[in-house]
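J.: Same order as they appear, the protein sequences are chains S and C. So for the first sequence, this note's numbering puts the first residue at 1; every next one is plus one. So for the second sequence, this note's numbering puts the first residue at 1; every next one is plus one.
Certain hints may be false.
As the list claims (entries may be wrong) - Under 10 Å between C-beta atoms, here's a sample of chain C residues computed to sit facing chain S:
no., residue
1, Val8
2, Leu19
3, Ala22
4, Ser23
5, Tyr31
6, Ala57
7, Ile89
8, Gln90
9, Ala93
Hints were generated in silico from the structure; no laboratory data involved. Virtual Cβ for every residue (Gly too), placed ideally from N, Cα, C.
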Amino acid sequence: MIRLPRRAWIRLLAALRRLPVVRVNDTQRFLLLSVVIGIGAGLLVVIFHGLIDLVSWVSLGLPVGSRRWSTLFAPMVGALISVWIVQRFWPAARGSGIVQTKAALLLSDGEIPAEAAAGKLAACSVSIGSGNALGPEDPALHMGAGFASVLGKALKLPADQLQLLAPVGAAAGIAAAFNTPITAVLFVIEEILGGWNSATLGSIVLASVSAVVTSRAFLGDHPLFHVPAFELLHSSELAVYAALGLAAGLLASLFTRAIIAARTSLVRRLGNSHRYTRAAAAGLLAGLAGMWFPQVMGAGYSAVDGALHGQYFWPALLAIGLLKVFVTAAAYSAGIPGGMFAPTLFVGAMIGGGLGSLAAQFWPVPIGGTSAFVLVGMGTFFAGVFRSPMTSIFMVFEVSASYKIILPVMVANMIAYLVARRLQPRPFFDSVAAIEGIVLPSHEELREIRPARVEDVMRSYRPSDSIVRWIPGSGWSGEGGPLPRVFPDQTLESALPLFRGRPALPVVSRRDERQILGVLHVRDCLERYGLLGERSGCESGAG
Amino acid sequence: MWFRVLAVLLALALAAGWLTSASDAIHQSIYQARLADAARLESESHVVEAAMEFRHALELRSDSFPARLGLTRCLTRLNRWPEAQQHLIQLRAVQPANGPVLLLAARTALRLGGRAECNELYQRAVYGHWPEAESAQRLEARMEWVRFLASYDERQALFAELVRLTRDVPLADVALQLEVASLLLRSGHPSEAAEALRLALTQDRKNYDLWLLLGESELASGRLPEARRAFANASSLRMDSSEARDRYNLVTAALVLDPSVRRLSLAQRESRTKRLLAEVRSHLDACSAALNASAREQAQKAIARPLPRALEEQVDLAEATWQIAQRICPPLPRYGSPLPLVFESLGRMPE
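Please construct the entire structure, taking both the sequences and the accompanying hints into account.
T.: Here it is as structure tokens:
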């Protein structure tokens, strides 16, 4: 403690009072809030990691699998406790967290109760720490969004700002959990928001960065995986990557279908009863698998690191990957709280490594190391299951920190994405939400819907001079100012507010505003949206 | 309200700090135990179990350099070269000049077929950084490198490194001195080999192998009296060794025939020269029986040449006859007869 005489204290306080008061506008305050959310979410994730570690140490021993009988029974006990926590105290904490965050964003203005975040922290620490084959990223995303929502409510932010905060917190949570800020930003944009939103982009980036910095300050600066360098030795190797994309796409759709089928049948047949029996059975399955393959327990990132370093041969890689599919599907469909992000990466890594290692033996020309196939496999399977192709590409790029991988990952991911989409049209989380009775809009579909444009509805003829003279730039003006004009590529949605009681608007060229291309009639617009039964008399009306 | 937010963040930070330090402490203690177990198992040559323990240590601390290095060592001993290579890439990224790492990288490159890379890696390993405790292994690395160079007949680099090694190998390490001298001899540098061996003999004068190799080195250098002395010493140390005795007899026979030996009287030189000429003629006569007609005629002509009067001319005649014998007869084994040794010795004499 610094000891100063009393007079010095008085002078110091006076000097502080004389400092100019920094006034911040709403945008600046929102950005500042994003940093705070990033720090808070980062701290929550650090606590989450610590709890998972402690539970894992107590229940399974370190490293995982070192105590045989604990390995068999700990996942079952953990599954029962976590389901009990959710059932008894925090029902809002069920599921992986992504569906719940999306639902909160779309259905309740981004409002997530504090109980959801607290419940996720408690229940998922137990379920994942005890070895159930689920991951911490999706719960971290939900916790981050929950923290942001609670903070927004405490600061009495208006509803529109509160809605913007949830994705900011979600990005911070996943960035801290996966230690990859770019991936987090893209994942939230693709999966949670469903598109670019300039209002929140800066905040999402800021929150992600501050969350990663915070978590690294506590957990250390080492990356999640230690990725060895690799080379693309021959261009024909791309064919192997394409085959990997095909296989991952097929497996991703099977994986999604298996989980959805299991969950649907369980929900239909048993409803809310036998929750504990289901959880115990899934936990026991994880324990049995873990007795022989402890790699499938928990998030399994150390096994992925082993695969990256060529620890396993292809039969072991494929066996571990397929076993993880079963164990994860059982855990998720049984309602054990935990995420799908890590298991998806795990399965992809093992399948990719297995195929790469197989190709290294039988491909006619030498191919690069299997570590590249492990990484690309992670991305392809992720693209197939989550339908977030951009996130998957940048995730591999960010994890590997290598530009050389971008070509194989793009080829494989796109093939996996297209194959999975063809075989399983509805994305994973949309299907899961539907089983829960929530109908969420599909971001994937929204991305592909082409909005109606003026050129689709306009009539191509020159309007009468009475209209022309009201067009800006035509040299005429009169009562009410110049007539608003629209452009052919403008969306109908943006054109509609410009009518303001007028029956029609001129459509002008963007190259030359004086050049009139046609007329947009209000009736045609209404007809386009199905609000008029049939074309009316104004068809002839014109201008 | 902002103060409350700050208070919440502070509370979260405290909780995170406590949990992280608790988790770190657990990890650290288990990690240390695993690492110690792994090192013990490795030293007891339980390599598979040691590799498993190193893997467990790495799971607990993925940035641990000693655990990764230990695992890589075990993997090379288990012939799991591709996996070892992946770990080595990472180890080299962390410590690019680490001698033990580069040595493992060289061994791995050799197994995976990268000969040029292997040579470079050996060189970098030898001149890289070696931890104090492992400095003895640096010498082993150098020996491994020279063996590699010898096996691929990289003469220039081999000689340069061997000469440096003769200075750096501890005199007390007679076995290593012997190996260095042997490699020098095999790579065509008998004088340097003999010098190294003489130095080693100052430490252990009763070492049979040192004397025998010294004899071979002196013999290869054409110093027959010194070779005979070395072979005599070797024979006296191991009476039952036919190798040293045979060499001794051969060199003695060569010395008896050699007219160029110092401190001989003129009469002795003349008598030796005549005896040498007679031996060569007899060898040529013996081999000519199996030759074709023209070669036999050539041999007979050489044998029939009259003996000149002057001693130097007699020596010249003996040499000319030997050259004809070498040209037309099947070659004599170098150490199968004293004749090649005597003529080599004569050839080295100044004109």
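J.: For which of the previously enumerated hints does the structure constitute a violation, in increasing order of number?
T.: none
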